[in-house]
Every structure is written in structure tokens, then in C-alpha cells.
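Peer 1: Next come the chains, spelled out residue by residue.
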Amino acid sequence: MIYLPYNIIVLIKQILDIDQMKTNQSTGEPITEGVPMRIENLSKNAIEAAVRIKEKYGGKLTGIIFGGEQSSSAMKEAYAIGVDEGIVIKGYKGKNPSVTARVLSEKIKTLPYDMVILGNQSADTYTGLLPGKLSSLLNVPLLGNAVSIEPGEKEVKVTRVLEDHNVILKGNFPVIISVSQEINEPRLPAVLQIIKAGKREIKMETASVQDSSSIKILSDRAPKSERKKEVYEEPEKAIPVLTRVIKEAML
Amino acid sequence: MAAGIVSPTLVFIPELELIILYVTSFSAAIFVLYWWYRSYRCLGISITAILDYIRKNWKAMISQALSYGAFHKKTAKNAYAGVMHLLIFYGMLILFISTSLIALSHDILKPLFHFGILTGTFYLNFEVWANTGGLMLIAGLCMALYRRLAKKIKLESVFDDYILISGLIILSIEGFFLGALKIALFRNGFDIYRYIEWYLSYIFPAGMNVNTAIQVYRELWLVHILTAFALVIYLPFSKFSHIALSWTNVAIKKFHPRGQLSTPFLLSEALETGNIDFTVGAKEVANLSTPMKIDSLACTNCGRCERACPAVLSGSDLDPRLVVQNVKAVVYNGKVEMVPGILSENAAWACTTCQACVEECPVLIDPHSFVIEARRNLVMENKISKEAGQYFNNLTNTQNPYGNSPSDRDALLKFGPKYDSSKEVLYWAGCMGAFDPRGKKIAETVMGLLTKAGVNFGILGSEEKCNGETARRMGEEGRFQELVLQNIDTFKKYNVKKIITACPHCYNTFKNEYPKFGLQVEVVHHSEFLAKLVDDGKLKVRKTDETVTLHDPCYLGRVNGEYDNTRFIVSSFGNLKEMEKSRQNSMCCGAGGGNYWYKVKSQDSISHLRMQQALDTKATKLAVACPFCNAMMDDASRSMDAQNKIEIKDISELISDNLEN
Ligand code: SF4
Ligand code: SF4
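If you read the sequences in order, they're chains X and S.
Under this note's numbering, the first residue of the first sequence is numbered 1, with each subsequent residue one higher.
Under this note's numbering, the first residue of the second sequence is numbered 252, with each subsequent residue one higher.
Chain X on its own, in the form it takes in the complex (with noise of 0.2 Å):
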């Protein structure tokens, strides 16, 4: 069986933009009010793959959310760079990567697909458990950490990168792929691309899985970091200051 062109799937996260966020000063509490949503950054790196296989082999390629109603500004987001057709499926309360895990897969196996693309972890939990958990009930092999994705007729190559050196992997279709940073840059759609973007439809679904949290968050304060916040403005008078800190913080 020939595989070309392929259907991808792509699976894509929208997180708080932690970046903007603040912590309360004194209490260590995060304040997640009017902080705006974005695309989470290895889900970019995912779509990005995702899109170049598109456009170098052809094929069709599926972007899923489980988020909430105002995951849609991703999912239009995710049509500007090249997802074909969106599936946001509403129900995500998050910290539970067993219950993301059984919604997607739930989800998953009502599509045909070659491939499943996602970032191997994501930027407001880094539990990374989610491409684990979704090769082990998909019953599909997955090739985690990839720097480069090289498809073939049959099977996909993929690199996988280590602490001090890469592995090459090679599976049969269909397989799960998640991806590290370094795989790609992501591009960025013009304004005008997203509003283009926008007006293609997106299916709206509801989870069809419960959530039953077993985990609890024991604790989200911020580590308390005293900062001197010592400016110098010469050269001359920062170097042996610095010096002599960094020394210090040697011994």
C-alpha cells in the first residue's frame, strides 16, 4: 500500500500566553485575568511541519483542539499557516493529560490518517505525558522528539534528537510524531491571512469523555526571587562587580 499523498493530523494546543502574565507580588499567586490566549509554541512547530509535507507531497491535513468556544481564533490562526479543516472540541479543563489523551484518541479513530503531528510537550504544564499516552491507546508507534520528519511511500524517517548525539528512526504508517523546537521556525500569517482564515468553517464538537481529575495542583506559586536590581551605566564600573558575582556564585 502506497501511503501518498498523506492525511496528516495535527494536534494543536492553546494556552494562556504566559509570557504577558504576571504573579501576584507578594502572595506568589498567577494572575491569569485579560491574559490573552495564543497558540502554544511547539504546536506552531508542529502545524509548520505538518504544512511542509503538505506542500512538498500534496494531501490533506486536519487540525484538532480540545479546548473551548474561543479556541476558534487558534483553529483560524492554524488555517493561516495551512490546516485544511479544523476540529475544536470544547470540554478542556485542562491538568489531566489521561483525559486529553482519551478525547483526542476518542476523536482520532473516527479519521483516516498516516501520520499524527504534535509538540512533545507544551509551555503551561511540561508534563509531556500526552504523545505517550495517545501511542499506547491508539496502539500506534510513536517517534517523539523529532528534529526532521522525512516521509516515504511506505514508512517516514524520522531524527530524533538525544542529551549528545541523534538517533534515526524509521516506522511503518500510520505513526505519531512529536516534535522539538529546533525542527522548524514556524511562520507567521499576515493579519489579513487570518481574516481570510476566519471565514472557513470549523467544526465545533463536545468531549465525549468525562472529565474524572485524579490529579490535584498541591501548589502554582511563583519561587520567590529577590532581584538587587543594581544598574550600572559604564562598562568599567559593571565588569568587576559582575565579575566577582559570577566568581562567587562558582564556588
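Worth flagging that the hints you see were computed from the coordinates, not collected in a lab.
The reader is advised that the hints may include incorrect statements.
What the hints assert, rightly or not - Quick list of in silico lysine-lysine cross-link-like pairs, DSS-like style, CA-CA up to 30 Å:
1. S:K637 to X:K22
2. X:K224 to S:K665
3. S:K692 to X:K228
4. S:K637 to X:K54
5. S:K691 to X:K237
6. X:K22 to S:K669
7. S:K767 to S:K669
8. S:K900 to X:K229
9. X:K229 to S:K692
10. S:K692 to X:K237
Stated by the list, open to error - Estimated spans, in silico, between C-beta atoms of each pair:
11. S:T702 to X:T27: 34 to 40 Å
12. S:P766 to X:N166: 53 to 59 Å
13. S:D659 to X:T27: 16 to 22 Å
14. S:F529 to X:K90: 31 to 37 Å
15. S:I313 to X:E55: 49 to 55 Å
16. X:P5 to S:R399: 58 to 64 Å
17. X:K224 to S:T702: 34 to 40 Å
18. X:E201 to S:P591: 34 to 40 Å
19. X:I18 to S:T299: 55 to 61 Å
20. X:G132 to S:D659: 36 to 42 Å
21. X:E155 to S:D892: 57 to 63 Å
22. X:T27 to S:D528: 48 to 54 Å
23. X:K237 to S:E520: 51 to 57 Å
24. S:T299 to X:E201: 42 to 48 Å
Keep in mind the model is a prediction, meaning the values are calculated, not measured.
Here a beta-carbon is modelled for each residue, glycine too, at the ideal position from N, C-alpha and C.
Please arrange chain S with the ligands on chain X, whose structure you already have, making use of the hints.
Peer 2: Using the frame of chain X, we list chain S with the ligands on its own:
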């Protein structure tokens, strides 16, 4: 008096030759008209559209065409070239009028109504003018020839130039010899009014055989006529086609401020109507607007833009002359991609939008607009560098280029009160004022001066958002307009009447770009506001013997024509020493058009070149009026190790340093 004073007719020209004359002139006229018609039709301009346009704008067109066309307002900037152009232009005009008068008199009035107009004193005046016109033309053409041969300046001279210049010189000399020969044959006293031909006539031997003379005259006349028509037919294919097109160009040039870019769509309208099926920018030459296509055709390849362009001087691969010329070469077909067909991707990003090219172009072409159209398309195709992408991302996420938290802008509230409707003016600190350490200092200084002078001002703090100018110049029209709409909402909310800006880019954008989106407020740059405070005695500065040189920011100077306020401030306390390139000829610092935020490939850096020019004045201080110029010059002085030779200060800091109390 032996004979009445009348112009001699074509007595010795036999009928056959006259027929040749009429046939050739008629076909040449048809040919030229057809060529003109074809050019316009290919560009998609209909005759009705032209007539309609003329009907609506004729007054402005005439005045613009007169000042730029007839008086060569721009070529006159360079003395040699200016004189040269005026000689050629007026020489041709005079000869054109006199030839038309001859045609009117001999070919229409005499045969049909049996009278001529070239008689009496009018005729004598006519001959003096005609001779002078010929002389001017020859002089101008010789200057042009010398300029090219002596290679005084780098001119892109093509074969074309030499054919035309020599053709025209030959034509004028033939004309003079014809006249001289006629005088030699029937010397009349009044012929002395044809002063050049009169003296020239003495080179023909006095006892010349009349028949030979007439024969020579006939042949010379035929050669003259054929040279003339050969040139007429050659004209549309040559550089001199600019005579027709540039006049049209000068006349139809859209009457909009220089600091305003074209608006390819209105975001608010698009969002409202849902109609978004328009193309933005030019992927191919064919996508350029009709006026831009005419622009390219009017280009005379003179190279003025190229010699002024900082991107050229720094050795990048952008060349505004080539951009326009490359477009011109393929404008009728148009099936060439802007990038890389007309300019490279690197070149497209190398433009600092300093508008030196716009200032220079004698026929009012805007070479930098071609670059903007190319960028708009690159952005739509996501062909942007990592830094440019980061820039746009930050704008969307945080409404400032740095990606810093918007609430950090509130830090400035330590130095100035929050704006509310009781305030008279809004001080707009800009992103540099809010986030750049040096920019912050300047904002602090300006606010200190405003407070000292008792000005009732306020700032917006975190309600300020980037005004979007750089996004627009980087071709991201959508992000620009998003910010415009948000800022205008804020101005309306507070009913802002007057804005002082810290940055010439903010200044230009509010003044020239925002009105199109519905903003109507008075906008001044802090140099103007502070100059007024000094002039009114509300800020007193003491005289020092410091020598200060001044860098004109492009968007204050060249783009908005403001040169005097900064000079007034510098002179109020110090001695101004101008740089070689100043006022409208000032050179960009290298930051504009987004170049502050990304790097392009080039040999030198523009800021180093400019810094060297500042150092050449031997001044101890360099006054700047833009936070970006400040940062660029500062950076250049560090890497050139010039920090202890020249100190870089904003105009406001210079006032503050020299306050009397
Ligand atoms: S605007 Fe300035 S940098 Fe751009 S092409 Fe013109 S002269 Fe060169
Ligand atoms: S664009 Fe203008 S300045 Fe540049 S070469 Fe053409 S005519 Fe000369």
C-alpha cells in the same frame, strides 16, 4: 528699403521635396500618437479616464507641472545639471514654438488666407529668439555630452544617450548652416537679427556660384528634415520618451503627503462587510497600480536616486534606479515576479524608507513605493526573516516591538501625570520612550521640561500602543491597521486634541497616516514644541561656545519638511556646524523601515557612514531628534571608538543641559 521685412519662404525647395516633408511629418505624427495611445492602453488607462482626471484636477496639475516641469524645481538642486536641463529644455521649447509659427504662417495662413504673421518687428524678434533657442540647445547638449564623457559623476550612460545628444547637436548645427547659407545668398540688412547665422554666413565664399549654393541648400535641407524625423521616430524608444511621460507623470502625480503610504485596503471595512478578496502588494509587476507603472515609464535613468540612497552607499544590493528600470523594462507584459525578478529579497528589506530617492527624483517618481509593494507581497507569502516574524509577533501579543509586558509602560507615570480630559496636550512617549533605556531618559527629560514650563500635559502609560508605522513600512498592513484602530479608540475616548510625540516616526504616522482612518488632532514633534517654549522665554537657555552638529531625522526633515526647529534649538545655546549632507540631503541613520529590528547583508553599515560624516565636522556634540537615530549613532560611535570624540544628545537633553536655572 529694398524689400519688406518678411520671413523667406521655402523658395528653393522643389515640390517633390515638399511632398516628402509633408508625408514624413504626417506619418511621424501618427506614429508618435499611436505609440502614446498604445502605451497608455497597455497600462489600462482609457482616454475617458484621462479626460475625467484632467477635468477634476486641472488646476493642481498645471501648477505642479509648471513648478517641477517648466522650472525643473528638482534638477535645479544640482547647479550644473540644473543649468544644463534648463538650457536644453528651453532651447527645445523655443525652437518648437518657432517651428510651429513657421508652419502656421507658411503652411496654413499663407496658402489659405494669403497673409503671413512673420513680418515686421515681430519677425525680427522672432529671429532673435529662434537663434537664441538654437544656441541654448547646443550649449545644453554640449554640457550633457561633456558630463558623460568626462565622467565627472557616475551616470548610467547608454548608447541611447549618445545617439540622442549627438543627433540633436547635428540637427541644430544643420539648422544654423541652412540659415547662414540663405543669408549668404540674399544678404538683407535686417538679417543681422539672426545674429548667429549672420556671422556664420561669412564662412561661405562671397563669390559663390548661386546655382551651386542653391543645390547645397536643397541637399542640406533634405538632410535636416530627415534627421529631424528620424529623431522624432526614435524618440519613443529612447530615454527622451520621458519628455512626454514625465510631464504626464509630474502632472498626474497623486496629491498626497509624502509621509503617507498607499492604503491597499481598509481593515475596518473588510471586517464589517466580510469582503476580503483583494490582493495586497505586488507579486508580479502586473500587480502594480497604473500610476506606479507610469512612474516607471517616466524614469530617465538619471541615477540621482541611486547616488542618494543609503542602501546603495552601504553596499547592499538594493538600487532604487535599477528597481524602477527593471520594472520599466517589463512593464507592458508584467509577467515578472517582483522578488526576485525586480529586486532580491535582501534588497527588498534593505530599504530604510528614508525617501532620499523620492526627494531626488526630478520627475517625481517614488522609487521606494515599489519596494513597499514587494514587501507587502513577501509578508502575505510569509517570506519574512525570523527577526521580522518576532517583531510582528510581539506587536500582536504585546502591542510593542520588544515583547515586553504592556503594563511596563506605566513606569513612565513616575515622570508625568496620567492623561485625562482636563489636560491640554498628550505627550506620546512611543515604544522607545517606554522600553529603550536611552529612550526612557529622553522621555523623562522632555517631561521634565514640559513640567518646568508649566505645560498642562499627560501621558497614556499602558494605554499607549505602538502606532504601527514600522509594521506598515515592513509591509504588514493588517497589523498596522489593527493598531491604528485601537489607538484611535483611545484618542477618542479621551477626546485628545493635541499630541506631542517623542519620535519623528510617531509624528509622521499620526500626522499623515492616521487621518485616513479617522483621526483629526494637531500633532507636533517635541523639537517644535520645545523650540516654541524656548522662543517664548518659558525655557531659558544660556549661550555656550560648544560646537554642535545636527542630524536631520528623515521623517522630520525630508518627509515633513521640518528643518528649522532643531536648528533653532541648537543655535540657542551653541554654534551649529552643519554636516556635508544636511537638510533635505541629509543621510539616513540606517534604522528606518524596520531596519532597526533586523539585519540585511551589506558591506558597510549606514550608521557608520553617517557617524563618520558627523565626526568630519569636528563638532564635540551631535544633536539628534529621534530615539532611533540616537540608538544608531550611539551604536556606531561605540564600534568606531568615537565615544570620547563626540557626544550624542537628543535635542531635549541639550536644552535641559543648558537651562539657565
Ligand atoms: S527610501 Fe532610502 S533606502 Fe529606500 S530606496 Fe529610497 S533612498 Fe534607498
Ligand atoms: S527613478 Fe527618478 S531619480 Fe531614479 S533614475 Fe529614474 S528618473 Fe532618475
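Peer 1: A separate judgement is required for each hint: does it hold in the structure or not?
Peer 2: Going down the list of hints, with the structure as the test:
1. S:K637 to X:K22: holds (27 Å)
2. X:K224 to S:K665: Satisfied, since the Cα-Cα distance of roughly 26 Å is no more than 30 Å.
3. S:K692 to X:K228: Within the cut-off at roughly 21 Å; holds.
4. S:K637 to X:K54: holds (22 Å)
5. S:K691 to X:K237: holds (22 Å)
6. X:K22 to S:K669: This hinted pair holds, its Cα atoms lying about 22 Å apart.
7. S:K767 to S:K669: holds (28 Å)
8. S:K900 to X:K229: The given pair, whose Cα atoms are some 26 Å apart, holds under the 30 Å limit.
9. X:K229 to S:K692: holds (18 Å)
10. S:K692 to X:K237: Roughly 20 Å separates the two Cα atoms, so the pair holds.
11. S:T702 to X:T27: 34 to 40 Å: Distance hint for T702 (chain S), T27 (chain X) holds at roughly 37 Å.
12. S:P766 to X:N166: 53 to 59 Å: Since the Cβ atoms of P766 (chain S) and N166 (chain X) sit about 57 Å apart, the hinted range of 53 to 59 Å holds.
13. S:D659 to X:T27: 16 to 22 Å: Given about 21 Å between the Cβ atoms, the range holds.
14. S:F529 to X:K90: 31 to 37 Å: holds (34 Å)
15. S:I313 to X:E55: 49 to 55 Å: holds (54 Å)
16. X:P5 to S:R399: 58 to 64 Å: holds (60 Å)
17. X:K224 to S:T702: 34 to 40 Å: holds (37 Å)
18. X:E201 to S:P591: 34 to 40 Å: Holds - the Cβ-Cβ distance for E201 (chain X) and P591 (chain S), about 37 Å, lies within 34 to 40 Å.
19. X:I18 to S:T299: 55 to 61 Å: holds (60 Å)
20. X:G132 to S:D659: 36 to 42 Å: Distance hint for G132 (chain X), D659 (chain S) holds at roughly 40 Å.
21. X:E155 to S:D892: 57 to 63 Å: Since the Cβ atoms of E155 (chain X) and D892 (chain S) sit about 59 Å apart, the hinted range of 57 to 63 Å holds.
22. X:T27 to S:D528: 48 to 54 Å: holds (51 Å)
23. X:K237 to S:E520: 51 to 57 Å: holds (56 Å)
24. S:T299 to X:E201: 42 to 48 Å: holds (44 Å)
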